[in-house]
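Chains as they are written, first to last, in our numbering: chain A, 1 to 611; chain B, 1 to 180; chain C, 1 to 379.
Where hints are given, some of them may not hold.
[To be verified] So the derived label-pair ranges between C-beta atoms look like this: (1) Ala36(A) <-> Ala56(B): 52 to 60 Å; (2) Leu209(A) <-> Leu106(B): 32 to 40 Å; (3) Ala51(A) <-> Leu90(B): 46 to 54 Å; (4) Ala56(B) <-> Pro592(A): 48 to 56 Å; (5) Tyr101(B) <-> Glu144(C): 23 to 31 Å; (6) Phe88(C) <-> Gly267(A): 14 to 22 Å.
Everything labelled a hint here was simulated from the structure, so no lab data went into it.
All figures in this text were calculated on a predicted structure; none of them were measured in a lab.
Quick reminder that beta carbons are idealized off the backbone N, C-alpha and C, glycines included.
Read off the chains here:
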Amino acid sequence: MSEHSGMIGEAAGPGWLGHAAPMLRAALWGAIGFLAADWAVAAALGSRLGAEWPVVTGFFAGSTGWVLGGGALEACVRPWFGPAPAWDEGIGAGRFLRFHSDHKIIGIQYLVSATVTFLLAGLAAMLMRLELMTPKLDVFADAQQYNEAFGVHGSLMLFAVSVVAIVGGFGNYFVPVMVGADDMTYPRLNGLSWWFLVPGVLAILLSPLVGGFQTGWTGYAPLAAQDAVGQDLYYLGIFALGLSSLFTAINVIATTLYMRAPGLSMGRLPMFVWAMLVTSVLNLIWVPVIGTGMIFALADRILGTHFFDAQGLPLLWQDLFWLFGHPEVYIIMLPAWGLWLEIIPVFSRKRLFGYGWAVAGMLGVMFLSSYVWTHHMFTTVADSRLVPFMTTTELISIPTGFMYIAALGTLWKGRIRLRTPMLYVLMSVFNFLIGGFTGVFLSDVPADFQLHNTYFVVAHFHYTIIGGMVFAWLAGLYYWFPKYTGRLYSEGWGKLAAWLVFLGFNCSFLGMFVAGFDGMNRRVAEYMPYLGGINAWISVWSFVLGLAFGIAILNLLISAATGKRAGDNPWGGKTLEWQTSSPPPHGNFARPPVVTGDFYSYGPERGVTTP
Amino acid sequence: MTTVQDLSDAGRRMYRGAFFLFVLAEAMIFVTLFSTRFLLAGMGHPAEVNGSLGLAVTLLLVASLAPLFAGINRIRAGRRGAGMLGVAALLGALALALIVYDWATLAIPVGSRYGENYVMSTGYHALHILLGLTGLLIVAGADSRREFNAANHWQVGAAAVFWSFVVLTWIALFAVFFIF
Amino acid sequence: MDRETRNHLIWLCLLWVVFSAIGEWLVQMAIDHWPLIASKEGAVTGEAIFFLLRATAPIFTLVVLILLYSAIRFRVPQDDERPAEAQFATGHLFIAGWVGLSVVLNVLFIIYPGIYGLEALWGGAQAAAAADPLDIMVTAKQWEWDFAYPGGKVTTVNELVVPVGRPIRFMLKTEDVMHSFWVPAWGIKKAVIPGETRVLVVTPTKVVSTSADPTVRVQCAQICGVGHALMRGDLRVVSAADYQSWLDGKTKAAAPAMGGMKGMNMGGGSSGSMSNGMTMPSGAATMPGVDKSGGGTNGMGGMTMPGASDGAMKPGAGMQNGTTTQPGAGAMPGMDMPGSGMGGAGGQGTTGGTSGGMTMQPGTGTMPMPGASDGTSGN
Ligand code: HEM
Ligand SMILES: [Cu+2]
Ligand SMILES: [Cu+2]
Chain A
1 MSEHSGMIGE AAGPGWLGHA APMLRAALWG AIGFLAADWA VAAALGSRLG
51 AEWPVVTGFF AGSTGWVLGG GALEACVRPW FGPAPAWDEG IGAGRFLRFH
101 SDHKIIGIQY LVSATVTFLL AGLAAMLMRL ELMTPKLDVF ADAQQYNEAF
151 GVHGSLMLFA VSVVAIVGGF GNYFVPVMVG ADDMTYPRLN GLSWWFLVPG
201 VLAILLSPLV GGFQTGWTGY APLAAQDAVG QDLYYLGIFA LGLSSLFTAI
251 NVIATTLYMR APGLSMGRLP MFVWAMLVTS VLNLIWVPVI GTGMIFALAD
301 RILGTHFFDA QGLPLLWQDL FWLFGHPEVY IIMLPAWGLW LEIIPVFSRK
351 RLFGYGWAVA GMLGVMFLSS YVWTHHMFTT VADSRLVPFM TTTELISIPT
401 GFMYIAALGT LWKGRIRLRT PMLYVLMSVF NFLIGGFTGV FLSDVPADFQ
451 LHNTYFVVAH FHYTIIGGMV FAWLAGLYYW FPKYTGRLYS EGWGKLAAWL
501 VFLGFNCSFL GMFVAGFDGM NRRVAEYMPY LGGINAWISV WSFVLGLAFG
551 IAILNLLISA ATGKRAGDNP WGGKTLEWQT SSPPPHGNFA RPPVVTGDFY
601 SYGPERGVTT P
Chain B
1 MTTVQDLSDA GRRMYRGAFF LFVLAEAMIF VTLFSTRFLL AGMGHPAEVN
51 GSLGLAVTLL LVASLAPLFA GINRIRAGRR GAGMLGVAAL LGALALALIV
101 YDWATLAIPV GSRYGENYVM STGYHALHIL LGLTGLLIVA GADSRREFNA
151 ANHWQVGAAA VFWSFVVLTW IALFAVFFIF
Chain C
1 MDRETRNHLI WLCLLWVVFS AIGEWLVQMA IDHWPLIASK EGAVTGEAIF
51 FLLRATAPIF TLVVLILLYS AIRFRVPQDD ERPAEAQFAT GHLFIAGWVG
101 LSVVLNVLFI IYPGIYGLEA LWGGAQAAAA ADPLDIMVTA KQWEWDFAYP
151 GGKVTTVNEL VVPVGRPIRF MLKTEDVMHS FWVPAWGIKK AVIPGETRVL
201 VVTPTKVVST SADPTVRVQC AQICGVGHAL MRGDLRVVSA ADYQSWLDGK
251 TKAAAPAMGG MKGMNMGGGS SGSMSNGMTM PSGAATMPGV DKSGGGTNGM
301 GGMTMPGASD GAMKPGAGMQ NGTTTQPGAG AMPGMDMPGS GMGGAGGQGT
351 TGGTSGGMTM QPGTGTMPMP GASDGTSGN
């Protein structure tokens with residue numbers, strides 16, 4: 001074999017085919033795996049191709065084909081069985097289109113896939129809002145289709161965007177750089193994690209082809225048992241996405257604990273790294289639980305067990321789901337807080353306020369978040385569980401408040417530069433405040449008895465997820481844009497899009513609170529005519545929001561191609577990623593960095609970091 | 001792990017420590033499985049469970065720890081441990097075979113609350129035995145190709161940690177399903 | 001504190017007072033235009049929402065104000081890279097104030113409206129159970145609401161008629177998946193769980209109807225499949241007299257079709273006899289443990305057996321005097337009852353009481369509580 005490990009097309013030079021060959025091979029093997037297994041099992045059982053067992057086995061075979069075809073075969077499996085030639089990791093654009101073990105490549109793969117998934121799931125949201133323009137069913141053919149749409153929208157947004165965009169994207173890209181390491185602890189495992197993500201996304205996205213699932217992202221039993229084969233893809237897809245998160249979590253924790261540069265004590269760790277660490281601990285503990293729950297539920301459907309139907313415990317599913325599901329909302333929010341506290345000092349030119357409090361707050365949230373899950377079940381559980389979980393839920397707002405202490409304390413008397421990233425962060429701080437305060441309403445059991453499962457809840461979680469996390473993600477995309485592309489984005493378009501996103505978001509989702517108060521329940525394609533006005537308002541503004549997201553992302557794409565060269569440190573940041581070139585070289589630093597001071601000192605009299 | 005990487009002490013410490021993260025995540029699976037068993041089926045177990053078979057699996061798995069540690073010690077001392085690791089894997093494979101036999105002759109109705117938990121937990125565990133065996137065989141193979149030395153063999157340690165975890169969870173499983 | 005800081009703080013305070021006042025005014029506007037609240041329970045949950053709106057408005061204002069004030073007042077041109085003059089890393093007064101305030105507010109919110117409101121709801125339900133509640137059996141199924149009224153002869157589908165001013169105890173069951181019983185104007189909802197009977201007590205306070213106000217409707221609030229959005233029923237809250245005459249009329253209309261159904265005692269009727277017959281301890285409807293815990297489930301499983309739940313609430317489905325387990329009911333094929341060992345968990349506390357209410361329905365079979373199981377085994 002040549003140095004290029006015999007990839008078809010490699011010899012033709014780095015044409016696009018050469019670049020994309022591994023990805024194409026992955027797609028081919030994935031498709032072959034799926035179709036072959038699907039067909040074989042269907043033939044063996046005498047069932048339809050779209051039946052349960054064929055699709056489930058097809059998923060496993062297809063995913064395996066995809067992962068191996070992308071290069072995992074040569075890079076991960078082959079070496080276990082004796083000496084093997086090294087896997088060719090490609091050059092230029094080709095690096096992103098194959099199995100790659102460089103954390104920066106993987107980070108970009110994650111960012112791109114999260115953005116694409118975000119747009120696709122957003123498209124589903126646009127369709128849903130179009131449907132809800134009028135009280136009657138007019139866009140979708142039937143309610144089933146609408147139900148499938150919010151299932152795909154919600155599941156993708158949560159499991160493949162919210163918990164992945166910052167952790168998988170920035171976490172992969174920046175944690176090693178920010179701790180001064182050359183890569184993650186397990187680079188190949190890291191490479192695998194992204195390849196597991198893709199089958200997960202596809203399973204959920206394509207589930208409507210086999211009947212979809214109507215249960216939304218929460219998959220409540222026993223409705224789930226009635227659903228079409230799409231429900232199996234929900235379980236399998238989330239299982240795959242969970243595996244992907246788990247691999248990332250293991251790497252982030254290990255890298256942070258074991259690979260820090262000399263002088264970088266835990267007490268000096270950048271806030272973003274703290275956030276990633278805490279998030280990863282939550283992932284590590286709770287993803288296996290939901291994964292097991294998914295297996296139980298899958299068994300209920302394909303093996304005829306009764307874990308979650310009326311013979312078993314329907315509520316056990318809810319417990320298992322929310323045992324993971326609540327920590328998950330902090331898995332979403334903690335990284336966003338990390339971004340707040342990373343960006344605010346840089347654009348305030350001021351020392352981070354209350355570092356210790358912020359870290360304590362993150363740890364406090366981490367501990368408490370595992371003891372609040374029942375607040376999603378106030379109308380379904382025994383009365384005896386209400387008061388304890390109301391208490392823990394409300395208490396979690398205390399450590400959450402510590403983020404605000406740090407954010408506001410740093411802003412106070414700073415020299416604030418309102419560049420696009422900072423704008424997004426301040427907006428995120430504002431939006432999350434609304435999300436958080438409405439959370440206080442929902443944690444209050446009497447209030448929740450009325451508000452649960454209404455549009456108030458829909459508004460609340462969009463305020464935390466879009467308002468909090470997506471705004472922070474956009475902040476990060478703009479903040480680190482010079483680092484991962486080496487170019488500057490267009491500030492004017494950036495700010496314009498930011499304001500449009502802010503306007504569209506708040507106008508539409510504030511309206512949802514009103515709809516909830518007025519008695520609109522969630523997960524409905526049709527509603528009573530008296531709710532028509534407010535829904536039309538919400539829909540129109542949500543189209544503005546969709547457009548604005550488009551502009552924000554387009555601006556990044558165009559700037560990535562045409563932006564001015566950025567230099568190493570355009571914002572004057574102090575953390576390690578700004579002390580290396582843009583983008584960082586393979587291995588991240590020309591010379592291993594040594595940390596001599598803390599990262600948030602801006603006064604001339606303070607010590608600075610020397611790489 | 002094609003060739004021995006010469007790791008620093010810090011590197012070895014990292015791989016050793018980081019591997020426990022896998023184990024922690026795996027442990028959460030069994031926490032879920034075992035608590036589900038009690039939630040759904042309560043205390044007590046049907047008379048039909050094959051207790052002697054369960055005990056045999058337990059003994060085989062516990063016994064496999066001896067050659068496992070012997071193998072590691074040999075590698076640590078700079079000698080070949082592949083044979084010993086192979087013996088451990090063999091005992092594990094026997095245990096796995098017993099579990100499969102148990103399923104084939106299962107007297108407990110799979111549709112009962114206890115039965116489905118039993119099958120689910122032993123099934124999940126069998127999967128872990130399989131994973132553990134794969135790990136043992138891979139490091140045994142690598143060792144017979146002389147890829148480890150006295151200083152650098154964290155992969156063997158990882159496979160051993162995982163196998164020990166498999167044995168410990170089986171002991172817990174035995175208690176949960178055969179004793180309580 | 002230097003002069004400049006003092007000025008900032010004075011400004012902040014002034015603005016805070018002004019904007020808090022505006023905020024409270026907006027909140028008051030919202031409350032004045034609030035959708036209808038038409039039950040005692042709704043008054044409790046509504047008051048909780050109002051209180052939280054009022055209480056959080058000034059705090060929200062304060063945080064937003066600090067944010068906006070800083071962003072505007074401390075703003076510099078966007079390429080000005082000079083460090084800020086003030087470089088403090090902590091501020092004890094601010095932190096202590098923040099932490100102290102958030103702890104105090106949390107404790108306050110947990111007690112009021114949290115625990116206080118819950119006690120009001122529970123207390124009300126308990127009092128209702130002791131007094132003279134009207135028991136209505138609600139069966140949710142894909143995708144309709146079936147209501148069975150006291151006396152056992154009257155059932156309605158997707159139409160609920162209740163008297164005003166009297167506590168109504170809804171016994172909620174589902175024949176298939178999970179649903180949730182919700183009347184927006186009553187301000188409270190309760191999930192309906194397969195294999196269980198949940199109890200919700202509501203005391204309507206206003207004479208209204210769906211046609212007059214669409215928030216007065218029975219709405220499923222838990223996704224339950226294709227028909228979920230339209231799984232709603234008309235609701236009419238009428239005077240006690242109107243209710244009685246409506247019921248009488250319906251009873252008469254139903255009578256010819258229901259020969260042989262004499263002696264059926266499905267609901268307590270206005271005499272309240274049902275509560276006695278059911279041996280439901282007062283307060284059973286409301287107190288902890290209404291839903292199953294642990295072993296209780298297993299016995300309940302029988303209820304979804306083919307034919308088991310079917311027709312549970314429908315007249316003509318062969319109902320007998322419901323107060324005890326009838327012959328045959330316990331002999332459901334394939335019903336897997338782990339016996340009294342499980343009964344301990346299921347029967348503990350008030351769960352037994354609630355389950356007891358269900359033994360009067362044909363086909364629900366045995367309940368996982370010691371008493372019921374005994375009765376069954378006697379068959
Ligand atoms: C473009 C902006 C968006 C619009 C207009 C939008 C709109 C909607 C709508 C109409 C629903 C259905 C609500 C219901 O009936 O329950 C929904 C559900 C949901 N959305 Fe969004 N959404 C947007 C963005 C997002 C984002 C960015 C996320 C998370 C990252 C997200 C997460 C969810 C989740 C988890 C659900 C629940 C789905 C379910 O009920 O299972 N959405 N959204
Ligand atoms: Cu939660
Ligand atoms: Cu429904």
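Status of each hint after checking the structure:
1. Ala36(A) <-> Ala56(B): 52 to 60 Å: This hint is violated: roughly 39 Å between Cβ atoms.
2. Leu209(A) <-> Leu106(B): 32 to 40 Å: holds, 37 Å
3. Ala51(A) <-> Leu90(B): 46 to 54 Å: Roughly 40 Å apart at Cβ, these two residues miss the hinted range, so it is violated.
4. Ala56(B) <-> Pro592(A): 48 to 56 Å: Since Ala56(B) and Pro592(A) have Cβ atoms about 54 Å apart, the given range 48 to 56 Å holds.
5. Tyr101(B) <-> Glu144(C): 23 to 31 Å: 51 Å Cβ-Cβ, so the 23 to 31 Å window is violated.
6. Phe88(C) <-> Gly267(A): 14 to 22 Å: Hint holds: Cβ distance 18 Å, inside 14 to 22 Å.
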